[in-house]
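Colleague: Dock chain D against the given chain V, drawing on the hints supplied.
Number of protein chains: 2
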Amino acid sequence: MKIAVLGTGSVGQTLAGRLAGLSHEVVMGTRNVAESLSRTTPDAWGNPAIGTWATQNPHIKLVNYSEAAAFSDGIIVHAMNGFAAIESLKQAGEANLSGKILLDITNPLDFSKGFPPSLFVSNTDSLGEQIQAAFPTLKVVKTLNTVTNPIMVNPSIIPGDHTIFVSGNDADAKAQVVEVLKSFGWAAHNILDLGDITTARGTEQILPIWVRLYGVLQTPMFNFHLKVAH
Amino acid sequence: MKIAVLGTGSVGQTLAGRLAGLSHEVVMGTRNVAESLSRTTPDAWGNPAIGTWATQNPHIKLVNYSEAAAFSDGIIVHAMNGFAAIESLKQAGEANLSGKILLDITNPLDFSKGFPPSLFVSNTDSLGEQIQAAFPTLKVVKTLNTVTNPIMVNPSIIPGDHTIFVSGNDADAKAQVVEVLKSFGWAAHNILDLGDITTARGTEQILPIWVRLYGVLQTPMFNFHLKVAH
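Read top to bottom, the protein sequences are chains V and D.
Residue 1 is where the first sequence starts when you use our numbering, and the numbers rise one by one after that.
Residue 1001 is where the second sequence starts when you use our numbering, and the numbers rise one by one after that.
Bear in mind the hints are in silico, worked out from the structure with no lab data behind them.
Mixed in with the good hints there might be a few duds.
[As the list claims (entries may be wrong)] Heads up, simulated BS3-like pairs for lysine-lysine below, C-alpha to C-alpha not over 30 Å straight-line: (1) D:K1227 - D:K1182; (2) D:K1182 - V:K227; (3) V:K100 - V:K61; (4) D:K1227 - V:K227; (5) D:K1182 - D:K1100; (6) V:K90 - V:K61; (7) V:K2 - V:K61; (8) V:K2 - V:K100; (9) D:K1227 - V:K182.
In isolation and in its complexed conformation, chain V is listed as follows:
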């Protein structure tokens, strides 16, 4: 497939790299290509800046949001900072998005008042719903937002079964996203369809316990396994 990844941070890099490794044609979308390519200072966690990463991954072309969305033949991965989510899609352009699937990983985290972050939308709404409402012809499928990026694309980092959630209004779009998840290594029985996009409220509101667990465990390499009595 021809897949666009919007977002050049560690989530975007991880998704783009993994998808390219699975033989998809991948481009990465950014606001300003020249500015992105000039960045070479690693982030606080030691992740490479996008300029460095792009040099190391010449098979993944860095283009602007609208070129990236236009390139996609069906799936657009949305790995933006939550605050930039809707603006980046506006720049991508409704015509380039229409009818395509948005595999939406964004979380509405607000670190502006320090730790713990709050959610800038929650409870009676979600970022997934806001994106779907702003782009009605886009098929938004929220998933992968409850795990750290290495686990997203390689769930075997956590031994045994553990669960990933899928939310979205379009059954066919969810089925296609599930195939992507399976290609990353998620077992079918560990992929749980929660229902329509309003269920993104549930997964986005996992973040408040996620950030506390990161603090307690001192590692982001964890996930939940949903277990049901028989």
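Modeller: Below, chain D without anything else, positioned relative to chain V:
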């Protein structure tokens, strides 16, 4: 121990019954004893009304909130409807609560606008924090609020390991609550101390996905097992 259970719904009944079965002396607190004893119509799920339950459990005396709190020699279980949580404690009386441990199971669920329920406090605050702020001399320990009541007191309903969270400001109070959890069957390695009472935001915000999972799974008999990469 002499334990008070505030709340006469299915959570209160389950906790009171289990604690009495573990040879604690247990009383149950309610707003109006005579009115509670007169109730005999089962709820929508077929759970017995408190009047029926009290007749079947004569060893657990039904008293008002202040008598219940005064009876406790250390632990008060808080199993109220979220909206009634702080008012019931006001009726219990600060003097009867002071220095005691509140094992707080309440969730800020608001079903007034139908399904899915919203949370009447969330994100930058929690019901656990509101209770702690309203009753500074009470040692609030939030726990058990992420599972349905049969699992609270009998975790083996779910096979294998699965996780229960504890939040609270007082280390000794948390240690005593952990002993109660262990007596219910929770293995020590499945009890996770998230930190101070502000971490109740994390567990209370699990409810939005919990209610959706109940809908998808068609059973409340589930829980999460937190798994960490090694």
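Colleague: Give a verdict on every hint.
Modeller: Tested hints:
no., hint, verdict
1, D:K1227 - D:K1182, "holds (20 Å)"
2, D:K1182 - V:K227, "holds (20 Å)"
3, V:K100 - V:K61, "holds (20 Å)"
4, D:K1227 - V:K227, "holds (12 Å)"
5, D:K1182 - D:K1100, "holds (20 Å)"
6, V:K90 - V:K61, "holds (21 Å)"
7, V:K2 - V:K61, "holds (12 Å)"
8, V:K2 - V:K100, "holds (12 Å)"
9, D:K1227 - V:K182, "holds (20 Å)"
Checked against the numbered hints given earlier, this structure breaks none of them.
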